[in-house]
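Chemist: Going down the list, the sequences are from chains A and B.
Count along the first sequence starting at 1, add 1, and that's the number in the numbering used here.
Count along the second sequence starting at 1, add 1, and that's the number in the numbering used here.
Just so you know, the hints here were simulated from the structure itself, not pulled from any lab data.
One or more hints might be untrue.
[Stated by the list, open to error] Taking CB as the label site, the calculated pair distances span:
#1 Glu184(B) - Met223(A): 47 to 57 Å
#2 Asn276(A) - Asn137(B): 47 to 57 Å
#3 Lys208(B) - Phe106(A): 31 to 41 Å
#4 Arg155(B) - Arg108(A): 25 to 35 Å
#5 Gln158(B) - Asp161(A): 12 to 22 Å
#6 Thr266(A) - Glu363(B): 52 to 62 Å
#7 Asp256(A) - Lys339(B): 49 to 59 Å
#8 Thr83(A) - Arg278(B): 53 to 63 Å
#9 Glu237(B) - Glu191(A): 38 to 48 Å
#10 Met224(A) - Arg278(B): 42 to 52 Å
#11 Ile273(B) - Gly50(A): 54 to 64 Å
#12 Asn137(B) - Met223(A): 54 to 64 Å
Just so you know, even glycine gets a beta-carbon here, dropped at the ideal spot from N, CA and C.
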Amino acid sequence: MIECTTRGAGVQTEGDQTIWIEKYRPARLADIVGQDEIVRRLQAYVRSGNMPHLLFTGSAGVGKTTAAVALAKEFYGDAWQTNFRELNASDERGIDVVRTQIKQFARISPLEGAGFKILFLDEADALTPDAQAALRRTMENFSHTCRFILSCNYSSKIIDPIQSRCAIFRFSPLGSRAIEKEMQRIAEQEGLDIKPDGMDAIVYVAQGDMRRAINALQGASMMGGEIKSQAIYAVTSTARPEEIEELLDLAVKGDFEGAERYLETLMTERGIAPNELLNQCYRALVRRSMPPALKVEFIGHLGEADFRLSEGANPDIQMKALVANMILSVRRGG
Amino acid sequence: MDWAEKYRPEHLKDVIGNTQTLGQMLSWARNWTPRSKPLLLYGKPGTGKTSSAHALARDMKWEVVELNASDQRTKALLEKVAGSSSTTASISGAARHLILLDEVDNLHGTADRGGAKALLEIIRRSAQPIILIANNLQGVPSELRMQCEPIVFRAVQSRSILPRLKFICSSEGVRCSEKILKEISEASGGDVRAAISMLSAVAMGEKEVSEADLEISMKDERATIFDLVSRVFRSEPDEELLRTAMDIVESPDDIQQWLEGSIPHLQDGEAISAGYRALSKADLFTGRVLRRQYYTLWRYAQAISLVGVSAAAGGRVIHERIMPPPRWHRMSTLRRQKALRNALLKKLSERLHIPPDELRNEYLTSLSLLVEADPERFVLEFALDTEELNLFIHDRKKATEIMKRMSERGPVVAGAKAGSAVGDAEEEKRTRRGKQARQKQTTLF
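Chain A with its partners taken away, still in its complex shape (with noise of 0.2 Å):
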């Protein structure tokens, strides 16, 4: 977010930006696509020139980062970079981050005669709760040099005293219209031709996240300008839903020998990483008419091979033992 154009909404293809999540990535308010009432209600701040601490709740990629930018750079036109700044709380939670570098930033008056500058606190859910704690008076203390807009998943992560401070702001995931809308409008810049099923692709492997929506469209476009399903899930290394339901439906009937040679194309000869195959057995599972005690059986599986994925044991044993946990569940309950 170095080089970033102001002008025109950022839509004319400068050549500048040769990734598109931050070329496309929406640089006034009007352009964020999906958060409607949000939008609306932002524009209202900066018509006025003043707005309270604000809160963005909502999942990855539902334009919190983006709004907050967007934000920044219609309350300070060109000077918005003096008096905006970014941090991510992830990099540091402890209260020292509190201590030292968010009163820095916020007891230092804004510049180019701005009335607050805006300190953008990325995943403040991160923070500890003695970080949060030290938090709440800056807040108030600062408010007449500083505001705060905080992001975070979980808004339950945030405590009490710091909501009671911010207005709430809950993005809400991205339906599939607004994903394909914003599909088409690049498209059209680029030069794309995105097929019907080469849409439902983008949609399914996006989860209404625009980031990912995006980037598994440019790194389609590579292999063409037609944009097909197969390339899609090419470039995600990520399986075809029906390649999933296949591997569930083998396991289910209780095939080990089967399921197991299925497994092990998708893995080896698709590269998926076993973390999506997770992921993606998952979302089918969820969706899945079975035996419910079966299928509750099933995502426990799924569970305890995720765990000790995360712990950092070997891939392709847990994964065999997954499918190997799936049969036996089958039989007992056969």
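Given chain A, work out where chain B should sit, using these hints.
Modeler: Only chain B this time, still in chain A's reference frame:
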């Protein structure tokens, strides 16, 4: 300017709610002598603690020296800031300094090393009025708590918040219907600052606020925990359950506890046991999330508890009222007990040079036997109070008796050191009585 700051009350008479408490503060300030105990204001966020302290200082024409958790409260710093203003009288002689110690329930072990001790020292030596502020009384170190006069701030009633919101709207030139303001003041849960934040979220920069504006800034009303629990027991589609769970405020571990509270209503042994099995499995994942901070595992906990309990219920709708887990009612007393026990362990651990955990696991039983055999000696040796003695001998009546007997005989048996402590307590009682009498006088006139 941020509205919550802009409309912070200037004088005590502008503070809303907690009228009686404010009266107490004022009489404390008017009758203040260097022998007065510091005030300890405690209560939920946004009930006016910090505002009242500042307003009181302004009304009394006192200057404020404030220290809060955003300052590193090591011994050295506290002494430098508060120490100097607490002992040296103001040069002009007229104005006093109010020392405001905010967030004293957030003194952090290593980061604020020696902080609690230094605070105690300042309280003892201070020639200036002191006010301490905390959200949670139990989080204040007990030795600190005992030196202060605790005053509670309660949640402010929504009908008191409403006029404040109206005032802000008219000052800002925003038109906003009474219905909307009412809704905001009720949704705030007695937290005035939250109410003002909510109002500023919808009204800042607007001439008129419509009801549609309200929706985004309010706590999420799309679904509640009650909806979720009843949907689980109606066995609605799994995907639907998981989506609802994403919408509500409660986190996966809270959801599990709500489900736990309703499982017994299933009435069928097999179903109940299946429900608990699912919860216990889900809980395993919740535990791992907490331990490892690996939040991806949350989804398994969520899915297993929701889908599992829904499968166990098999569409048997429950007719009993959905209630929070009964454990939560007992939680506040339990939490108090736990805080007390931890404080005691910490105290002993410092004295005996044994880590608290080891002390609890290995030595507490034998220590308890020793204390039971000769309670008085241990009360003196470890400076135990009644509550702490009770933790050892598990007999409140007996503990009270022992303490009473000791304080009566105090000076003779206990020797010089304890004698002075008991003497102080007596002295304190007298001054407090005197103060109460004075308070009565002020109200009489």
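Chemist: All the hints need checking, so say for each whether the structure fits it.
Modeler: Against the structure, the hints come out as follows:
1. Glu184(B) - Met223(A): 47 to 57 Å: At 52 Å between Cβs, range holds.
2. Asn276(A) - Asn137(B): 47 to 57 Å: violated (40 Å)
3. Lys208(B) - Phe106(A): 31 to 41 Å: Hint holds: Cβ distance 33 Å, inside 31 to 41 Å.
4. Arg155(B) - Arg108(A): 25 to 35 Å: The hint (25 to 35 Å, Cβ to Cβ) holds, given that Arg155(B) and Arg108(A) are roughly 34 Å apart.
5. Gln158(B) - Asp161(A): 12 to 22 Å: holds (19 Å)
6. Thr266(A) - Glu363(B): 52 to 62 Å: About 56 Å separates the Cβ atoms of Thr266(A) and Glu363(B), which means 52 to 62 Å holds.
7. Asp256(A) - Lys339(B): 49 to 59 Å: holds (52 Å)
8. Thr83(A) - Arg278(B): 53 to 63 Å: The hinted range 53 to 63 Å holds for Thr83(A) and Arg278(B), with Cβ atoms some 59 Å apart.
9. Glu237(B) - Glu191(A): 38 to 48 Å: holds (42 Å)
10. Met224(A) - Arg278(B): 42 to 52 Å: holds (48 Å)
11. Ile273(B) - Gly50(A): 54 to 64 Å: Holds: the Cβ-Cβ distance is about 60 Å, inside 54 to 64 Å.
12. Asn137(B) - Met223(A): 54 to 64 Å: holds (56 Å)
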